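Protein sequence lines, in the order shown, are assigned to chains A and B.
The opening residue of the first sequence carries number 50 in the numbering used here; numbering runs sequentially from there.
The opening residue of the second sequence carries number 151 in the numbering used here; numbering runs sequentially from there.
The set of hints was computed from the structure by calculation and includes no laboratory data.
The structure displayed is predicted, hence computed values, not measured ones.
Glycine included, each C-beta is placed from N, C-alpha and C at the ideal position.
Do not rely on the hints blindly, as some may be mistaken.
[As the list claims (entries may be wrong)] Now the in silico label distances, taken between C-beta atoms and shown as ranges:
# : chain 1 : residue 1 : chain 2 : residue 2 : range
1 : A       : 245       : B       : 1627      : 54 to 60 Å
2 : B       : 230       : A       : 136       : 39 to 45 Å
3 : A       : 143       : B       : 549       : 52 to 58 Å
4 : A       : 179       : B       : 1095      : 29 to 35 Å
5 : A       : 143       : B       : 1491      : 28 to 34 Å
6 : A       : 136       : B       : 405       : 45 to 51 Å
7 : A       : 175       : B       : 1007      : 37 to 43 Å
8 : A       : 175       : B       : 380       : 29 to 35 Å
9 : A       : 91        : B       : 1491      : 30 to 36 Å
[As the list claims (entries may be wrong)] Reference excerpt, derived from the structure (chain B facing chain A, CB under 10 Å, subset only):
#  : residue
10 : 1487
11 : 1488
12 : 1491
13 : 1557
14 : 1709
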Amino acid sequence: MSKTLKSNKAVVFGLIALLAASNAAAAEWGSVKGRFVVDGTPPKLTPLAVTKDQHCIDSKPVNESVVVGEDGSLANAVVYLRPPRRGKVEVHPDYAAKLSEPAVLDNNGCSFKPHVTLVRVGQPFAIKNSDPVGHNTKATLLVNGAFNVTIASGQEMKTPLTKPERMPLPVNCNIHPWMQGYVLVQDHPYMAVSGEDGTFSIENIPAGKHEFVFWHESGWVQNATAGKAKTDRRGVAELTIAAGQTLDLGDIKVPAAKLK
Amino acid sequence: MPATEKTWRDQARMHVIFGVSSIVMLVGTIWMLAKDHNREWRRWQLDDRARERWTIQAQLAQEEAESTARQRELREQLTAAKRARVDASLVQEFKAAVTAENRRLGKEKSAAEFREVDQSLTALENAELGSDDAADARANLIDALNDFAQEARRRENQLLTEKKFLAADQTAAVSARGLAIGEGRSTAEIEARIQKLADQILTKDAELAEAKDYRLKLEASLRQIQADELEKEKQLAEIDAELDRLHENMELYPADPLDAPGEWLNRLPVLDALYTGNVKLDQIWLPDMKINYNFSYVARYDRCIVCHRAIDKTAPGSATEPAYPAIPRSEREQVVQLATPPQPTVTDLYGMTLAPPAENAPGAAIIQEVVAKSWASDAGLKNGDVILEVAEESVASAADAEKLLVDPTTWGEPIELQVRRAGGEAEEAVELRTPTLDYLYGLILTPYGQVNKDDVTVQVVKPQSRAALAGLQMGDVLLEVNNGPVDSLSDAEHYLLGEIKWEQPFSLTIRRGLNQPFTSHPRLDLFVGSSSPHKKGEMGCTICHDGQGSATEFKWASHTPNDPQQALDWSRKHGWFDNHHWIFPMTPERFIESNCLKCHHEVVELEPSERFPEPPAPKLVKGYHLVREFGCYGCHEINGYDGAKRIGPDMRIEPNYYEVASQILADPGLNDEEKELARTVAERPEDAEARNDLMRAIQADAALASADAKPPLGRELGEEGQADNAAGDEEQEARLTEATHALADALGDLDAPGSLRRVGPSLRHLASKVNYDWLYNWIRRPADFRPSTRMPQFFLQDEHLNPKRKDFTIHDAAGKEVKVTDREYTARFENIEIRALAEYLLAHSQPGFEYIQPPQGITEQPSAERGRWLFESRGCLACHSHAEFPGIASNQGPDLSRIAAKLNTEKGQQWLYSWLKDPKSYHTRTVMPNLFLDPINEVDAAGNPTGSVTDPAADIVAFLLGVPANWQPEVPPPTGELSADERAALNDLTTVWLSAAFPRRRAERFATNGIDDRLAATVKVDEQVLVGEYQNDEDKTKRQLEYVARRSLSRYGCFGCHDIPGYETAKPIGTPLANWGRKDPAQLAFENIGTFLASHGVDIERSGQHGTEGTGPHRETIGVGDTSETTVAAIEDEHGEEPSEEHGGGHGHGLDPLDDKYDSDTAYFLQSLNSHQRNGFLWQKLRMPRSYDYETTRTKRYDERLRMPKFNFTDEEREAVMTFILGLTSEAPAERYIYRPAPRQEAIVQGRHVLDKYNCAGCHVVDMERWEIAFEPDWFEEPPTPTEYPFLIPQPAPEQIEASLALDRRGLQHAELYGMPTRDEATGAPRVVDEDGVPIEPDDTESQPFYEFQLYEHALVSGATRLVGLQNLMIPAKRQGGGPVRGTAHPGYGGDLAKYLYSRVIAEEKKLNPAAVASEAWGWLPPPLHHEGEKVQTDWLHDFLMDPIALRPAVVMRMPNFHMSSDEASKLVNYFAAKSNAEFPYEYNNRRRGGYLARLEESHPELLDDAMKIVTNGNYCVKCHAIGDYEVRGTVKTLGPDLDQVYRRLRPDYMRRWIANPQRILPYTGMPVNIPYAAEPPNHGGVSQELFPGTSIMQLDGVVDLLMNYDEYAKRQTSVKGLVREPTAPTETPPAASDQPPNDRAASR
């Protein structure tokens, strides 16, 4: 558990560090990419019991707890950089512009779109309801505080997120209990969700050694080979980002038995 | 006769006699004085004073250690303040005030007036800041200013004097006027003078006021100028005052006689009798707290405090923590880890740097730089000094010096340095301070202890130091450091400094705590303390402890040892002996809680509470509950009343109305009305009206019967005629049986009826339930079928019976007399008794019980699989345990694991089905509730009916009877006819019984042939069975069996626990217990118990099969007892004062309690038995009730033997029961001492009884856990601050915030949390996570474990409010045993089933919905009741408890119907309201008053309709809640309660807070915020204005108003007007009702 950064001083230090980073022309950057694949036959998923609202029944939401492509690619897996405890990571100036773009979590077709939402601290976080029926969004955030608010059809709510969370956390709807999403809040932009083809990439990471966390909603991606590194029991692998280069982790295999 | 020297006696001899006797008297006097001077208590007091002195010295040292730095800082600040510049504007203000005053007085002063002021001000401004010049200038300035203030004061005084003179003149004038009037002179002149003086005084007054005003202004101005230095001076003075206080305290405890010669003088022999000094007798006088001195009640004098001086001393700064904690001996020695710092450098330590080697000349170490205010500068070292020697070792280089200076072996004392001064040749020795224990650890030790002279003891632990963090405390005795013994202070320093390994902790073995009498009371929150409910001066000591309060010597105070070893120690050390002559010896520690019962008659008030979370009397409370559970009161009346006076706990069986009414119902002669009345009484015995009606009806019938028997007198006939009017004009003949008539009186009112139900099930319809085989075995030995049963064992207790000696006569099958052993004799009779009882109970079972038939329309066959889940989830496990469900065990009801072996018969199955459907139909007084096992229309995952209908009761039956129970009885029950031998035994037993009524010969004859007919009128009820000759052998056997059964029932008192037909009015058979705790041991029949134990040993396993001979450890010899005498004698010999008879060992034949093979508990009780004390008697009575019959059976008839059954108690349970029974003393002290709770507390106590009775806490969490935690100040992050309705955010008071930020000595903060740790969804156990909140895997032993504590009440932590439902708090968890690492987890109350089911309902739900949120599962289980009082309306809850409705669709079970009485329901309602501090018994609900709505609708006419728009809008309420005729679709887990009825159920304020943000009340709820609040005007958030115009708060209130007035809203939506039809023509037939006789009306209702 991290202790309170002694308020102002820490913030000031942080700012200085940030300023120093952005001013430092000498800072060098690299990227990482990879692809999640399922190792084995993926499990058969329980179909969702859609019990409420004709619109939902018509929308036919599907169980997204494991989304596997035909070639075994695993979507909705998350990779994010874990800064050292009480430390910060330098952020590439290119990301500054994106900070003001809102991260949107949409209630759409009686499911959460996207399934995993990535939010940076300070980035506007908007929860939308594009459905013609009412939804509520229950976000079990640990550091930013849990909330559960009804979002009427066509409405949107914005909520400030001021602190990074330690892991992706669930988002649910109590009216439609089959709905399940996740949100990851970090105070840096170095995080990615694998697409339908299982791939992900994170760019402009400061060169050097970093810890990266590999996560899927079935749990940490443990003991998996990510390039030359291997994840530990907490899904953490130490990767070395070389300046001006893209580190390709290749296929990161997730055993099918792990996906419940 | 010549005169001689010799007169009457020989003078010489007389001189000798006088001489000798005076010497003897002198010696006697001296001896007496010496004896008085050396009384024991003086020694204790002197020791105590030495201890007190030590403590004050330690406190002084502590205070000095803590304040020295602060003082130095303050002094520096003060000096600086005295040299600081002065704000010129303040001086200007001062000058302005002076000028203004001068102007007012018209004094034109020269400019020179302020010259001095101006000069010094300028001087101050010009002086160098902080220089001496500045100080002088400032002092001059202040002096100059002060002169003005002085002058003002002087002038004020002068004016005052002038005014006094004027006033005196006036007085003189007034008296002159009086004289003048008397002398008849003119007074005009004097009058004028008086008037003038009065005017002058007025003027002076005004001047005086101005002058005073001026002075105050100047002084205030001066204070402002000096504000800073005055503040510092004040703070310094405060510290000085505290130190002075401690110094003064010290003076009260002089160590040296010269310091207080007066005191030492009056402690000298003889003088001490004349003067009372500090060493004196002390006592608490309690005139109202009488003690029983045999036939006379005398005020108590408790002198315990003569020796127990520190009994009420609290730790500094705490109101309840004991100053000298009484720590159990076993926990005295502790090991703590003392951390060490990283290795320091010379610079770190001494504040000097040595020049690098390059700059050093060889052979020297040059000091390069000395930091100011360092140890080096203190020692006078200067830059450039050269160190030549360190501690007499010469220094060759800087490295040498460095090595020597950081060598810890030289530390502790200042070290001597030989230096050559910079630039000179002079050599000088300087002393340099070195690190000490204080510096490194914040620890100061003393070489002597508080009581023992040679203990190396901790004197000071600096706050927030390493020693404080290690947990060391003042007074700890240091025993070992890293296993090395510490015998002296230098040892300690040697280890802790010399052997330091940097950054590696030391392991210190310490001893904590003092012996009695130097300790403080361990529970000062409860006892003795000034804020406790039992204050020392009000309660004294002996009311709780007993003992001889007036004694001042250890042995005479009747201290009672807790075990024989302690007795031995005491007798050696203090000359203790067992004083038989004092009837109230101190209660031994193990039973100390017994004495609470004297004043706490309801017992449950001693449960842990919010004020006293640490259980006040756990053993006693446990004993009380055991007595309730085992139903001891069924046989042993525990009457809490002596007439109208309450004398103790009242535990009596409730009136037998139900039993009587049930028996009356069996009478075929009842008419319909009587039947109805009897049924009502059986179902609701509290209905006094029905009961009295029934009684009168039966009495009327009985009167007819007696009229039949003997022709009544005319007068009586008239009365009866009236009474029987209701029955019409039929022939007056009794319809009811005599037995029914006899029962009528039992229906009458009682003054103070008991309230407890019989603990056993009803046997009234037993034949409808069980078979003979099972019943036989059950009666024989209940634990055979159900090991956990509370039914005691009546038979097969034969340990005490002689297996060898054949001295009992029986008749064999042939009628010949044979001699057998006692065991054989008893077994033979018991077999008959068991059989007779089983047959009798079945044969006399009341017919008429109708099995409940399964309802129509069930489509599915019973399924054990469904039944299993229903059994688990419908609440059965809240009261019953079952081997199939090992995770939960409740003993409210029986263990059902083997129920199949009992009920797997056709009737058993039918009975079980009926019982499950409606337990009341079988036994209306059972506490088993109706679980509403109605048919279930099964639905699919989407909530659509599948068409199949199942019967849950049938499913549960299928499960219970389907669990294979391959249980077989120990012995097969005898069946068929009795054998010839059994018949002979039966005949013998009948004879024995008849011998109680007839002489032996006749008894034998009557048994064999039946009782003579002519005696029919005189024999008792039971014997009636035998009246008349037997018709044949079969008849004989049958009648004899019935007779024996009836006698056995009466003898064993089966009806104490069971409802048995025909025994409705039988009285309890056992000894009443109300005064047992004071029962004279002389009245207890110890008989041969010593011999029994000596020959059989203490732990006697049952000797196998009944009747078998020779098993078990039987020794006929008695020899062991002698050892006990030897040992006890040995105890006495050492003391050598008391004759051995005093010691209770004289009875012999006991076991030696000091034998190593006995644990201390057994030893204690053996000792107690040997001394013939109650405690020992009771112990053995509860273990082996019949063992007191050892050897006495030879002279007792079978029916006279002891009959107490053996209960299945564990040792711990037995001691708890004993604690309760020993506390029953009927010795209630004066009324004002009896616990009389305030109404709220009383409601809690009364409600607790009902909660316990119905086991509400089996399902519901009634109280959450309360955790008191300590943590480092930066442990918890700042909480998030959500945008929230302002009324939802608690506003703690500033002092509360301050308290939550306060640091304790260890530097930790404290907080109290209410709630519970989150649970693992797979196992249901509290979740243990790592620092990231990720569950720790079982094989992970490295990660530090944490609990996530979920709050159920807002908490104040580190100055910030933690809101419910926002965030869980991470609390470091103990690796073993659970609970927080630092702090205490007080357990909650209740909810075992909810906790057990938590993981299971999640698993069930996840089958349907993989996205189910685990934390919400609490919403599918019985709801926690911690907010119940503030949540629901009292009248709703009352009705709900009496007749629960289905409320929450999502909950897997529903609240069953306990059929509680209105009185019980009210008590529960009040309980919950009292717990929540809510209004009760009524609450005022403003929102439902007519005027309220009208007022609101003036400004918002469409209020209800608009609010309804929110409710019915497809986005909000109706997504989950049904309302009116609208129903919601979807799985039940998403549904909430109907909204129609909430206006009856919820309190309006609660509803408002709930709708505003449900998670702030229940953290687990899935209900969202529907009307969100925002800070921005104009609307502050809320829902669309189109639905409801107004702010979010108005919208919220609108919805609350609508829901609170839903009935009003519904009324407005319906029209009745159209339904009313005016009659079109007059009716033709007149109403018939008035013609009917009143009786018919009554019958038809």
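Taking the hints in turn, this is what the structure says about them:
no. : hint                         : result
1   : 245(A) x 1627(B): 54 to 60 Å : 57 Å, holds
2   : 230(B) x 136(A): 39 to 45 Å  : 41 Å, holds
3   : 143(A) x 549(B): 52 to 58 Å  : 55 Å, holds
4   : 179(A) x 1095(B): 29 to 35 Å : 33 Å, holds
5   : 143(A) x 1491(B): 28 to 34 Å : 44 Å, violated
6   : 136(A) x 405(B): 45 to 51 Å  : 59 Å, violated
7   : 175(A) x 1007(B): 37 to 43 Å : 53 Å, violated
8   : 175(A) x 380(B): 29 to 35 Å  : 59 Å, violated
9   : 91(A) x 1491(B): 30 to 36 Å  : 34 Å, holds
10  : 1487                         : 7 Å, holds
11  : 1488                         : 12 Å, violated
12  : 1491                         : 13 Å, violated
13  : 1557                         : 8 Å, holds
14  : 1709                         : 6 Å, holds
In summary, the numbered hints that this structure violates are 5, 6, 7, 8, 11 and 12.
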